[in-house]
Amino acid sequence: MLIIDCPYCGRRPEIEFTHGGEAHLVRPPQPAELSDQDWAAFLYMRSNTKGIYAERWRHARGCGQFFNALRDTTTDHFLSTYKSGTPRPVVNTTPSEEGHS
Amino acid sequence: MSFRVSKGGHIDRSRSLKFTFDGKTYAGFVGDTLASALLANGVHLVARSFKYHRPRGILAAGSEEPNALITVYRDAARYTPNLRATQVELYHGLQAKSQNRWPSLRTDFGRINDQLSAFFPAGFYYKTFMWPRKAWKAVYEPIIRRAAGLGVAPTQADPDRYAQRYAHCDVLVVGSGPAGIAAAMSAASTGARVILCDENSQFGGGLLSEADHSATRIDGLMIRHWIAQAIQKLKENSRVTLLTRTTAFGYFPHNFVALSERVTDHLENPDLHLVRERLWQIRATSVILATGAIERPLVFPGNDRPGVMLAGAASTYLNRYGVKTGSRAVVVTSGDAAYTTALDLHAAGVVIDAIADLRTAPVGAWVEAAQSAGIKIIAGATVLDTQGNVRVRRIDLGQVVSGTVVKLQPINCDLVLMSGGYTPSVHLFSQSRGKVEWSDTVKSFVPGRSAECERSVGACRGIYDLSEVLTDGAATGLALASKTPISVQSASFTVKAMPIDTNPYVGALPQPDSQSSSKAFVDWQHDVTTRDLALATREGFRSIEHVKRYTTTGMATDQGKTSNLNALAIVAQTLGVPIPQVGLTTFRMPYTPTTFGAFAGISRGDLFDPVRTTATHEWAQARGAVFENVALWKRARYFPRANEDMHAAVARECLAVRHSCGIFDATTLGKIEIVGPDAAEFLNRMYVNSWSNLNVGRSRYGILLREDGFINDDGVIARLAADRFHVTTTTGGAARVLGTMEDYRQTEWPDLKVWLTSTTEHWAVIAVQGPRSRDVLQPLTDIDMSASAMPHMSVALGAICGVPTRLFRVSFTGEMGFEVNVPADYGRAIWEAIFAAGQFHGITEYGTEAMHVLRAEKGYIIIGQDTDGTVTPDDAGLTWAIGKNKLDFVGKRSLERASMKTATRKQLVGLRTPNGEVLEEGAQVTLRTGQKPPMALVGHVTSSYFSAVLGYPIALALIGGGRARLGQTLYVPMPNGDIKVEVTAPVFYDTPGARING
Ligand SMILES: [Zn+2]
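Chains A and B supply the protein sequences, listed in that same order.
Per our numbering, the first sequence runs over residues 28 to 128.
Per our numbering, the second sequence runs over residues 796 to 1793.
None of these hints come from the bench; they were simulated from the model.
There's no promise every hint is true.
[Stated by the list, open to error] BS3-like, lysine-lysine: derived pairs with alpha carbons at most 25 Å apart: (1) 110/A to 77/A; (2) 77/A to 1230/B; (3) 819/B to 892/B; (4) 1548/B to 110/A.
A quick note: this is a predicted structure, and the numbers were derived from the prediction, not measured.
Could you put together the complete structure from these sequences and hints?
Structural data, given as structure tokens:
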């Protein structure tokens, strides 16, 4: 079970959270203006990164807030959690030394 | 005959125990395992192998045991199959049974599999049983399941209790051999919170196998005294938790480690207040793995006969349990380790006929010690075969002379001890996603880069010298506890021990060109031989992941603890590539099999899942309601009277609603209060409908899509004020819908001034439906309920029986209907008041089943029953609900895609059966009759009931191009033939819809 650092509440166990898929995907403001292909890409295409992945979590059984996280999908270690609407932080892309974070 | 030596070891000879194995009574001592007690009684044959039913003995002395799987029986509900006899602690009266044999262990009919083994090569499942396809289920599968198997599961519910505990610590130490104890001591010395666990009943690990007369000393102390002193010191530290009989079986991200503690399995009469097992879920800042190493067997023909065992196991049985594992032994070894065994056994009076050393020129202190004890040493040895049926009686040795294997004179013996060095136990390290690295000196994979805050110490990283092991443990314990570099000076130990050259060996032993026809086993538990691995490589398998699945090597419950490395080496050798290139399979939890009880804990029966009940639950119970589960809710399904069955009760309830009045608890519907100046705009963006033009005091049927255009949820939404909406959702969708709304509110439109609050639990909802519903309710409320003041789809605030209410005029039955919302605490009182007032009008309580029938008669859909996540509003015939002038709403863009508009999409229609059958929900629909599988399907039945008011069955279905097929005859194929159906409109009753406006 992961420990997730909610930007509003602090470190809490994973069972309090729901996963919200990839982060920083903005719903197009004028969907009608998109081609079928572009709309399908918005709906279905995800980066599915091996390595550092920006994803959304919701502290569903806590404060209820959505927020973003950078997680290394190869180790499940979080490099950062940050509030929705704030830019993806720049992090050292090599994971911390052997999990000693 | 007893093979017990008169003194020494960790057993209590003053306390004798009786136990049975396959019904025969034996004696053992406190401190014995089932395996040591059986061996003390000269019992080596304890099992039949998985595939070939070969006689098998005890190979090991610990959790790596692949052969000796037995069932321990307490009573019909309390018996545990597939336990390793090497880990079962003896208690008085223990009843153990062998497995996988018929009629008996000695005479086993399944042994014929061994003679037929030419027909059971690797991958035989895939080859033999492909054809004819039908025979798989009828013939092959039952035979295989009967023949190849492990123990039998109990048929009664488990009466024992299981606990679960969460714990936090600074340092978790797994394993209590010298490395683990040293690590725990030095970590504890810093004041850190330490948990030390070990799967055995005693602390000490491999040190417990040290002979009492051993000259080895730690800090001047005999081994057993050093252990006792160290453990005593740890016990006195209140920040240290010591756990025996506790297996760390799973290592999860963020240093979350699962331990299974066996609390009562070793007790004769367990205290009923004790749980049987305790699952520890530990979050550790640092983890120290001191999991030791497992002795590696040698692969040679006939290496699976009872009496062939690991040399280290023989040492353990002798030194820890005081048991000689035979009378005449031949020791086959690649290094010094087995020399200690040979010398210990020799000292105990076992004849050592020879040490067959794989080394061409063995030298050193151990060799000299054996020689001076008069033990014959054969250099450059190999094993060509063994003889013996249920016990080894002869070994055929060979010798490699200038590259050629020559036969030596066979030796008669009843014990063959083998040692190929050690394989570090990297299971937990691998589970933690650490990267293992191949070590040529250890001839094994050892821990490389860690993924977690974790370190391996001692034998599990290939360090075997006792002094180095202790130093490694102590230094790492200090470093991880104090977060300082490992170079910091830690406790030092004075160790007196003879150095050991382990000289590990991996792969099969050399054989002459005309080798024995006996099988050379690599994986004992799954009966995988060298020939199976060779076959797999011949057939083109290259990666160990593929070889493993094809041959099933390493896939038994022991996860290949004794077999993986040899299998790898044999595959690598056959392919002519280095071992690391073949790869190591990933280890997964659990390290050893773990009971379901431990995982379930208290989550059984009533505590399995939370149960949600409404305010009228006890009332409905008292009226004899039959309940059904809807999400976590208990809902009254129908209210049978006298001898009514469900059909009769539902018919009566439906007719009451149609003819007079019914009362129904609709509390479980999800409710969300949406408030704020932008509330209407928010709803405009979420739902397909337009909300800006909804007047205060009116409501509308809303449809919520997913962004991909398919129906997500539906419900009635009422406008209570310009800036306040009362939204209802489906029962199962309540949390999901609120989550979706919060997602858009927080992350897409944070600028909107709108607040969402779940009010599902706050309101009790009492539906009163039927032509007399107004007559029942009007006398109880100050709200003007007349048709002009309260038309269909209106909402009014007021009081009912003096309690504040939100009164909805709404109908899910097609009749005039109302839904009375009152604060949940008043739900029962208002329900009873309405029920009493309705008696004069024949009010009838009805359940969800009648509700389903009534709505189906009107063609109203149920989300998740008539929709399945691929249904658009148009498919469901709900295009009318979509706001015409809206530029955008969730899912709108997707509805514009070409595939969402094709005429052949499945559309909601009604079905009638001219011959009066009630169709099966989920049944498929075809265009033509008399088809053979695979049939061309055109749709499926989503809802099907007998309609009492109509007097015939009705059904809803999703049919390709359904609305263009009205009047057509289609077919529903069933086992007894096709049922003819006629396509109709989905509304069966009161098509003009006049009754709703009554
Ligand atoms: Zn939070």
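Hint check:
Restraint check for residue 110/A and residue 77/A: satisfied, since their Cα atoms lie roughly 23 Å apart, inside the 25 Å limit. For the hint pairing residue 77/A with residue 1230/B, the CA-to-CA distance comes to about 16 Å; that is within 25 Å, so the pair holds. For the proposed pair residue 819/B and residue 892/B, the alpha carbon gap of about 10 Å is at most 25 Å, so the pair holds. The hinted pair formed by residue 1548/B and residue 110/A meets the criterion: a straight-line CA distance of about 19 Å does not exceed 25 Å.
In the structure shown, no violation is registered for any of the earlier numbered hints.
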